[in-house]
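With chain A's structure known, arrange chain B on it following the hints.
Chains as they are written, first to last, in the working numbering: chain A, 7 to 600; chain B, 7 to 600.
Because the hints were derived from the structure by calculation, they are not lab data. Just to be clear, a hint being listed does not mean it is correct.
As the list makes no split between identical chains, a pair holds if one copy fits it or if it spans any two.
Below, simulated DSBU-like cross-link-like pairs (lysine-lysine); rule was C-alpha separation at most 35 Å, straight line [as the list claims (entries may be wrong)]: (1) Lys516 with Lys498; (2) Lys230 with Lys288; (3) Lys152 with Lys516; (4) Lys516 with Lys546; (5) Lys230 with Lys516; (6) Lys230 with Lys85; (7) Lys551 with Lys85; (8) Lys551 with Lys152.
Only a predicted model underlies this, so the values are computations on that prediction, with no experimental measurement involved.
Protein chains: 2
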Amino acid sequence: MPSYTAPLRDMRFVYHELFDAGDITALPGCEDATADLVDPVLDEAARLAENELFPLNHSGDREGCRYQDGAVTTPAGFKAAYEQYAQGGWIGLACDPQYGGQGMPATLNVLLEEMACSANVSFATYIGLTRGAYRAIRAFASEALKDRYLPKMVSGEWSGTMCLTEPQCGTDLGLIRARAEPAENDGYRISGTKIFITAGEHDLTTNIIHLVLARLPGAPAGIKGISLFLVPKFLPTEDGEAGERNAVTCAGIEDKMGIKASATCVINLDGAMGWLVGEPHKGMRAMFTMMNEARLGVGIQGLGLGVSAYQAAVDYARERQQGRALGGTQYPEQPADPIMVHPDIRRMLLTMRAFTEGARALTTWVARQIDVRDHSEDPQARKEADDLVQLLTPLVKSYLSEVGHDAAQMAVQVYGGHGYIRDNGVEQYARDARIAMIYEGANGIQALDLVGRKLPAHTGRYLRRFFHPVQAWIDANTADQALQPFVLPLAKAFGRLQLATGQVAQAGLKDPNEAGAASSEYLKLFALVALAFLWARMAKIALAKREGDDSGFYDAKLMTARFFVERVLPQSGSLFATIMAGGNTMMSFPDEAF
Amino acid sequence: MPSYTAPLRDMRFVYHELFDAGDITALPGCEDATADLVDPVLDEAARLAENELFPLNHSGDREGCRYQDGAVTTPAGFKAAYEQYAQGGWIGLACDPQYGGQGMPATLNVLLEEMACSANVSFATYIGLTRGAYRAIRAFASEALKDRYLPKMVSGEWSGTMCLTEPQCGTDLGLIRARAEPAENDGYRISGTKIFITAGEHDLTTNIIHLVLARLPGAPAGIKGISLFLVPKFLPTEDGEAGERNAVTCAGIEDKMGIKASATCVINLDGAMGWLVGEPHKGMRAMFTMMNEARLGVGIQGLGLGVSAYQAAVDYARERQQGRALGGTQYPEQPADPIMVHPDIRRMLLTMRAFTEGARALTTWVARQIDVRDHSEDPQARKEADDLVQLLTPLVKSYLSEVGHDAAQMAVQVYGGHGYIRDNGVEQYARDARIAMIYEGANGIQALDLVGRKLPAHTGRYLRRFFHPVQAWIDANTADQALQPFVLPLAKAFGRLQLATGQVAQAGLKDPNEAGAASSEYLKLFALVALAFLWARMAKIALAKREGDDSGFYDAKLMTARFFVERVLPQSGSLFATIMAGGNTMMSFPDEAF
Chain A
7 MPSYTAPLRD
17 MRFVYHELFD
27 AGDITALPGC
37 EDATADLVDP
47 VLDEAARLAE
57 NELFPLNHSG
67 DREGCRYQDG
77 AVTTPAGFKA
87 AYEQYAQGGW
97 IGLACDPQYG
107 GQGMPATLNV
117 LLEEMACSAN
127 VSFATYIGLT
137 RGAYRAIRAF
147 ASEALKDRYL
157 PKMVSGEWSG
167 TMCLTEPQCG
177 TDLGLIRARA
187 EPAENDGYRI
197 SGTKIFITAG
207 EHDLTTNIIH
217 LVLARLPGAP
227 AGIKGISLFL
237 VPKFLPTEDG
247 EAGERNAVTC
257 AGIEDKMGIK
267 ASATCVINLD
277 GAMGWLVGEP
287 HKGMRAMFTM
297 MNEARLGVGI
307 QGLGLGVSAY
317 QAAVDYARER
327 QQGRALGGTQ
337 YPEQPADPIM
347 VHPDIRRMLL
357 TMRAFTEGAR
367 ALTTWVARQI
377 DVRDHSEDPQ
387 ARKEADDLVQ
397 LLTPLVKSYL
407 SEVGHDAAQM
417 AVQVYGGHGY
427 IRDNGVEQYA
437 RDARIAMIYE
447 GANGIQALDL
457 VGRKLPAHTG
467 RYLRRFFHPV
477 QAWIDANTAD
487 QALQPFVLPL
497 AKAFGRLQLA
507 TGQVAQAGLK
517 DPNEAGAASS
527 EYLKLFALVA
537 LAFLWARMAK
547 IALAKREGDD
557 SGFYDAKLMT
567 ARFFVERVLP
577 QSGSLFATIM
587 AGGNTMMSFP
597 DEAF
Chain B
7 MPSYTAPLRD
17 MRFVYHELFD
27 AGDITALPGC
37 EDATADLVDP
47 VLDEAARLAE
57 NELFPLNHSG
67 DREGCRYQDG
77 AVTTPAGFKA
87 AYEQYAQGGW
97 IGLACDPQYG
107 GQGMPATLNV
117 LLEEMACSAN
127 VSFATYIGLT
137 RGAYRAIRAF
147 ASEALKDRYL
157 PKMVSGEWSG
167 TMCLTEPQCG
177 TDLGLIRARA
187 EPAENDGYRI
197 SGTKIFITAG
207 EHDLTTNIIH
217 LVLARLPGAP
227 AGIKGISLFL
237 VPKFLPTEDG
247 EAGERNAVTC
257 AGIEDKMGIK
267 ASATCVINLD
277 GAMGWLVGEP
287 HKGMRAMFTM
297 MNEARLGVGI
307 QGLGLGVSAY
317 QAAVDYARER
327 QQGRALGGTQ
337 YPEQPADPIM
347 VHPDIRRMLL
357 TMRAFTEGAR
367 ALTTWVARQI
377 DVRDHSEDPQ
387 ARKEADDLVQ
397 LLTPLVKSYL
407 SEVGHDAAQM
417 AVQVYGGHGY
427 IRDNGVEQYA
437 RDARIAMIYE
447 GANGIQALDL
457 VGRKLPAHTG
467 RYLRRFFHPV
477 QAWIDANTAD
487 QALQPFVLPL
497 AKAFGRLQLA
507 TGQVAQAGLK
517 DPNEAGAASS
527 EYLKLFALVA
537 LAFLWARMAK
547 IALAKREGDD
557 SGFYDAKLMT
567 ARFFVERVLP
577 QSGSLFATIM
587 AGGNTMMSFP
597 DEAF
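If we strip away everything but chain A, and leave its shape as in the complex, we get (with noise of 0.2 Å):
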């Protein structure tokens, strides 16, 4: 079986030193967030991921989740981990301290989602659910809701949902046909049938709050008519405890190819009682506020999984021996070398631990945005900060989830014949990665909302956020001997970006099916040459710092950068030859030919 340590080393090294640590005190709210504090942190997550969460794991997919007269029961132990999370504070360490929240950095926070992810992602699912939830009941509830619902989803003891997928809608929200009606309290009778809701029911709280998609009465049509509803799965009492059962039901939960500790509920509502969050009809502001955080979230999970992965894959390849290195055997002592010597095998490791690395470095980067624009009192470093999570966030999404399920296949690949056995536990991470990709907006329409939104909005403003630190960069580096293998292949990757950005600009304005077809692989392309910049930027902290380091982790870091540049990031050239041959073959080919 594998076994997971979080990496914290590498950890503590993008929090404190890619980025300035010191630029997050400065932040109001924050000022407690130092090393003393947070690097304490990190210990006590990664114990209790390590300790708690990790070893639920397998068994976890093993047991499934059960149904029965619409309760579900979460496999055994979850409910124990659970009550340990929720006790320590964890699910609100990012939570506004009026709510009971920690007031914690998002920073330090995706950091700890990542371990919960690599340990138990399953687990992690609920919690994530939880805060999605939270981020739209702060930003868009009545006070009164808030104060009601809040400390108590804080705390953990209720956990949160997102209830918008309907049987004939998934991506369309604008299918959606659940209805509200007003009612008493100044609320509305909630009717519907939503599928795929992630803790829809389950066994770890006292309550639910499930926010619902649906239509008040006389609402336009498509998604310019919905609206976003807070319905308890327990009406609260007078006292604020979990009182009156609410008409919200589980019907049934999804048997799936993975993440089975994991509750994927057919909620069904019939009449409710719900309350508005937001305003009628604009519902989907709401929601994209709380599907934004959770598509970060979902980045993280394909990171997660692809640490353990990366993992589990290096310490099978340290044990497992068979063969002889091809220079001439290393280990004569041994009746083979471990398969560790083998080229292939270590370009299977290395591409795993480039990637990772580089995905950490990213959600850290974007996180750090988060905190700028969640507590800066200067508006235009706000307005910076949330354009520059904006534009990154369906990367981190998608190429994360894509990322982490490649690197858990590698991990299944380097385990050979046994990573396909059950029992051995690595076939379970690439099951568990395969969801990342689609849920929470498909990887398709997180590139449609790349090149659609995101790159046109406010005439490329959020691009700027990103082409001109890059090429500030590359300008303030150019000079640097040592940093050339770098800097480089950083320039030819991005100037390919800006290529690739003119031509889907211009396609897209004259046929939007040209930005469509192009941009998969403009997203790769993007976030490629995003993670080349970090790379290049930790390989220059590396090159500063390696001298007298005996731990040899700046000497990794700098090789695992040179991999990332000489193996990984020529793909930008394949993506870029594929974004310029348009999509004339696939837009002309006849429908009924298919």
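Chain B in isolation, oriented as in the chain A frame:
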């Protein structure tokens, strides 16, 4: 649930049009394989795959194999389907008439194999193993063994296995510990434990013929001391029926990620009677005869699953209505447009299509060479054909297993959240397809086989069997204006392959790790060029025949060819750049730093 319809039109195209069917009927023993015979055989095989095998695919995954007290029960319906398959003479279709086979060409047989794998890859493994064992016995066993065993295997009354792997050795067969002691009746008593034995025990046949690798007393260490033995589950009686039980037992079956209806067995040999196949200590040679057959079969599994996945995705893309076309509503009378209108969906569908049709051309090409090798009276023609089979086998195994898996994953993506649900069937394709990249030599081993054995063999003779016809075809068609969109990209990719070949050969001579470091990308580049060559040839035929063709077949072929060269073939650029970057970054990384 997905459906499956055998792609008979395209099969007839590759059989009769892409390669000259007259070349087959000109071979001694293949005179009867005219279109009059071949086409009805294809039709009947399609009927069997669609109506008998496919309906058991999902239920087989659900039910899996069951193990109790040494016996394995296949899922409901498998035994009846197997009997129908065997009684129809399908198992021995391409086997020697001397042993009851129908003597049909391998070229026809691979199309049947593809259909069986599309319909039910678990089922196909039982047939595939018998065919591999048949080949090794026929090529290396004594006349007495052949006469005793082959007729029952050809008829399907008995099945076969390959018993190579042991707990401590998979790839590295030099570590085999199973032992054979001389015994009565010119036989041997064989002892040891074998794992991952596909079809090692089941209820489909009255006997199971294991081909077992083991060491004779005093055998040299390593792979030069391994012999091959035929070990029947039941010892044949005088009159050739299954008699006394042999000391070979199944100790359990594996719980796997996929191909759950294919029994993967632990086989214990406790002094089981066996007979030598081929010469003492020369077991690897006989094993490779079997293995090469099996490797082609595994590539065909990838192709077969890719085809099913493509069809499932196309059906879903037609039915599922979600969102509107980017260029404006296409079906105003419906609540939403079918997702097939979206360029990113079409990109996935066409990628799957271009892969699978190209892969079918490739397997058919290799099978045609097998027919020449096995039937031609011209020794030079036989040698040339065998050279090409040797060269292309690792490509077929490795590349087709990858594109099959990719296609299955794309089908899951097209289905979105519904693709992650077990009852919707496509996630099974992804799980079933995953093993093909691993077994019969993991894909990394195939890549090493290509660069380490096949390239240098006979100072590049194998390579020339591919390079010369490709160059000749480019030269012959370079002046054809209508073919320019295909010839030029082919020539460019071929140029990259030639340069990469030089690099791999030269760098590998100095340091074998350099060849190893490039091997996986080199194999992919080679496979892309092979597909580009076949797509260019298919485009040429389509150009010549499209006029007056009302079916749209040739137009679609031409457009798919165009998609391949514009949107898939550019990968050759990145692969080339990665190969040329060399292996230093991965070989210099310290083991302890992983």
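Evaluation of the provided hints:
| no. | hint | in the structure |
| --- | --- | --- |
| 1 | Lys516 with Lys498 | both (28 Å within a copy, 31 Å between copies) |
| 2 | Lys230 with Lys288 | within (7 Å within a copy, 74 Å between copies) |
| 3 | Lys152 with Lys516 | neither (46 Å within a copy, 69 Å between copies) |
| 4 | Lys516 with Lys546 | between (42 Å within a copy, 33 Å between copies) |
| 5 | Lys230 with Lys516 | within (26 Å within a copy, 67 Å between copies) |
| 6 | Lys230 with Lys85 | neither (40 Å within a copy, 56 Å between copies) |
| 7 | Lys551 with Lys85 | neither (44 Å within a copy, 67 Å between copies) |
| 8 | Lys551 with Lys152 | neither (47 Å within a copy, 70 Å between copies) |
Checked against the numbered hints above, the structure violates hints 3, 6, 7 and 8; every other hint is satisfied.
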